[in-house]
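Chemist: Now for the letters of each chain:
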Amino acid sequence: MNPGTWRDWLPYPPNLSEHGPGVDQLNTYVHYLMFVMFIAWAIYFVYCLIHFRKREGHKAVYNPAKGKLAKVSEVGVILAEAILLIALSMPAWAAYKKNFPSREEALNVRVIGEQFAWNFHYPGNDGVFGRTDPKLMNNTGNSLGIDMSDPHAKDDIITLNEFHVPLNKPVIVDISSKDVIHSFTINVLRVKQDAVPGMVIPIHFKAVSGVGAHEITCAQLCGLGHYRMQGFVYIDTSEQYAQWHAQKESELQGASQ
Amino acid sequence: MSEVVNHHPVHEAHHEELGFLRKYVFSTDHKVIGIQYGLTALVFLLFGFSLIMLLRWQLAYPGKPVIWLGKILGENFMPGGIMLPEFYNMLGAMHGTIMVFLGIVPLAVGAFGNYVMPLQIGAPDMAFPKINAASYWFYFVGGVVMLYSFFVPGGPAQGGWTSYTPLADIAPVGQTWWLVGMVFLITSSLLGSINFIVTIVQMRTKGLSFWRLPVFVWAQFVTAFLLLLAFPPLEAAAVLQLMDRLAGTSFFLPSGLVVSGQMIPNTGGGSPLLWQHLFWFLAHPEVYVLILPGMGIVAEVIANNTRKPLWGYKTIVFSILFIGGMSFTVWAHHMFMTGMGTTMSTFFQTTTMIISIPSVIILTSLLLSLWGASIRFTTPMLFAIAFLPMFAIGGLTGLPLGLTTSDIHLHDTWYVIGHFHYVVAPGTIFALFAGIYYWYPKVTGRMLNSVLGKIHFWLSLVFMNGVFLPMLIQGMAGMNRRYYDPTATPWGKAMQPFMEFISWSAWLLAISQIPFVINFFWSMWKGRKVTSDNPWDATTLEWSAPTPPPHGNFPTPPEVYREPYEYSVPGKEKDFSPQFIKEA
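First to last, the protein sequences are chains A and B. Once you know that position 60 of the first sequence is 60 in the numbering used here, the rest is easy, because the numbers rise by one and skip nothing. Quick note: to get the numbering used here, add 1000 to the position in the second sequence (first position is 1).
Hints were generated in silico from the structure; no laboratory data involved. None of the hints are false.
Cross-link-like lysine-lysine pairs, in silico, DSSO-like; alpha carbons within 30 Å at most: (1) K1572/B - K66/A; (2) K59/A - K1582/B; (3) K169/A - K97/A; (4) K1574/B - K66/A; (5) K54/A - K1572/B; (6) K1493/B - K206/A; (7) K1454/B - K54/A; (8) K1526/B - K54/A; (9) K1574/B - K59/A; (10) K54/A - K1529/B; (11) K1314/B - K66/A; (12) K1574/B - K1206/B; (13) K59/A - K1529/B; (14) K54/A - K1582/B; (15) K1314/B - K71/A; (16) K1574/B - K54/A; (17) K59/A - K1454/B; (18) K1454/B - K1529/B; (19) K59/A - K1572/B; (20) K68/A - K1314/B; (21) K248/A - K154/A; (22) K1314/B - K54/A; (23) K1582/B - K1314/B.
Covered stretches of chain A (in silico footprint by chain B; criterion: 3 or more residues with CB under 8 Å from a CB of chain B, positions within the stretch not fixed): (24) 14-27; (25) 34-47; (26) 225-236.
Far from chain A, some chain B residues (derived; all Cβ distances over 10 Å): (27) E1017; (28) M1053; (29) P1129; (30) W1177; (31) S1209; (32) R1446; (33) N1465; (34) A1510; (35) P1555; (36) I1581.
Glycine residues also receive a C-beta, built at the ideal position from the N, C-alpha and C atoms.
Generate coordinates for the entire structure from the input sequences, incorporating the hints supplied.
Modeler: Rendered as structure tokens:
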């Protein structure tokens, strides 16, 4: 089915990731079921209210309504729910949660939430994250507590509220939080994952269209600045991404000299 | 036959005359306690509702000052008339807490359960009248504590009604008062639930077998078990959170927590998710505590106003029992986005789909009850039948949230708020209104005015949908909930007309409650007096009691001869055959 046609009638935001259409597809089918059930009920309901209203000469019937329609429709509802659950939701969730791209092939980024910003930690040219320690965290330039004595840390790129990803390349994001629970949300990529302090939770996605900037928000109440805890994901072409990465690396070298 | 009902002999005084305080304040009479619960809960409902009226201003017109409100509320909440984000969060957290724990549950269980249930089973009072009174006073103290928390430094709780840790652990002192208040409220519910269970099991009158109980009594019975079994874990969790805040423990704080550049001293070894499991282990059954008594009321009113037996009485009762048991196995569907793996998500989305089935069956049974009816469109009936499509929307919108994959997009958006409000506001609250209009004549001896009642109904119906339907669209479009300034993101800014529309609907909904408030008080003194103890020509036992029922309820213990909803029995002269009247 063409994604463009079946989801247009529900007010979804754009859908730019590889797994996103699966999410919308299930959502749309569930809403089909809901609409069918509601309209069927509503027609019956309105008919009853008019036809069985109290009036002169009309009497209620003691014997219960007979007929198989109710049972058939209930079995239908059970079947429809079972199909949505077993054929759509479970496989999609299992595929999304289990079929991670390999760490070698994917871009690895750490996302660390804090009140009220998103920190992004890239491993840099060596592909290895520098050591971090919460004891080293401070508000004066080392908010992620990076141990600069670790050689792997030297080329690590840290950004605030600015998340660059290349188009058509799998990205693995390891999500955590420094303080309270946040929820890392990119609607257009159908990405939502709670950032829970004390846990590192990996998720993955692949942007397949939509070069440009898109909102990152926090979906879990995290304090008075919850509403402004936003950043931007920049879906770059591979050339744009390489250029950005190289520029960040040269800034780091400039700073350390 | 009905003369027996209408004209009671002068009742012999079984009870000595009590002083004012013992009779109306520290009473142990289930009816007085029920009225106390009802009035207190209605005040809290109004208060909780007005908090959201204030919050909706900020959502419709972010940052626009209201000078006079600023002067009333002061610099800590609205300096210069502009709402602070902290205050916005307080309004949200306290709205949820007050509506659920101080408004709806006390009204549905404390008021209707207390007043109606013993009458419907033909009992003179609850099994433990003093425990019943204690339950009300624990609730009252819990309410006072919650109100007091508005005046402590830093204001009341601001971490949502869910009080997720670590945010709640590090919140200002208002959170401590929230926890203390919750301990009182939970204790109140525990005392009440034990009383309900014992009363229903032990004190049914002669002839009233379980299969002759009205659906309302069944609903209260199952609800009491939910309260009894689900609340203790939250009580324990609340005490643990108190320890984290006051005694330096870290049950819910993991190692290495750094807040604004400072490491939290007592951090280490705890789990933020433990709180969520304990909280939702209560709070999901709590959802059914909110809805089951409402379904019970709707069943009573529908049977009475269709003038025929309910379709599938046993089916409804088994569904309620099944929901009750099953409600303990679905809690983690509130936590799909916490990093849950496939095994747990498979279990919880399956149980969630399964629990939707008995709800569908109850709804279908109530709809089928309309077939072949002779529907009287009384005010209680209007609210009861509107409950059906409104609850249907609420229930159906639960489906995409209950499936993990579709929940990825809808979790923590306005869709969730629309969904559960459809269940609780035009759902449960409509059911509660139906109950108020239905039982008011038994409590006061006067009818509520039906013209005012119908105005109240139609306006409420229109504006309830004006409030909650657009929320589903907002959520579908991806707008997150709990945002102080919805225009902070470009996407949110584009959706702003929805916010204005919803706010105006909400304010008009508030105005729509004025006819009800006027009716409620005016009818107490000036309403049409009932000429019979059974003004609705109903069949259940509460209508056999004198109006209003005296202490001890029944002059002589009633006897039950038949099923609860014997309307339009073929061959009978009248279209109702009450449980309490022996017929040939």
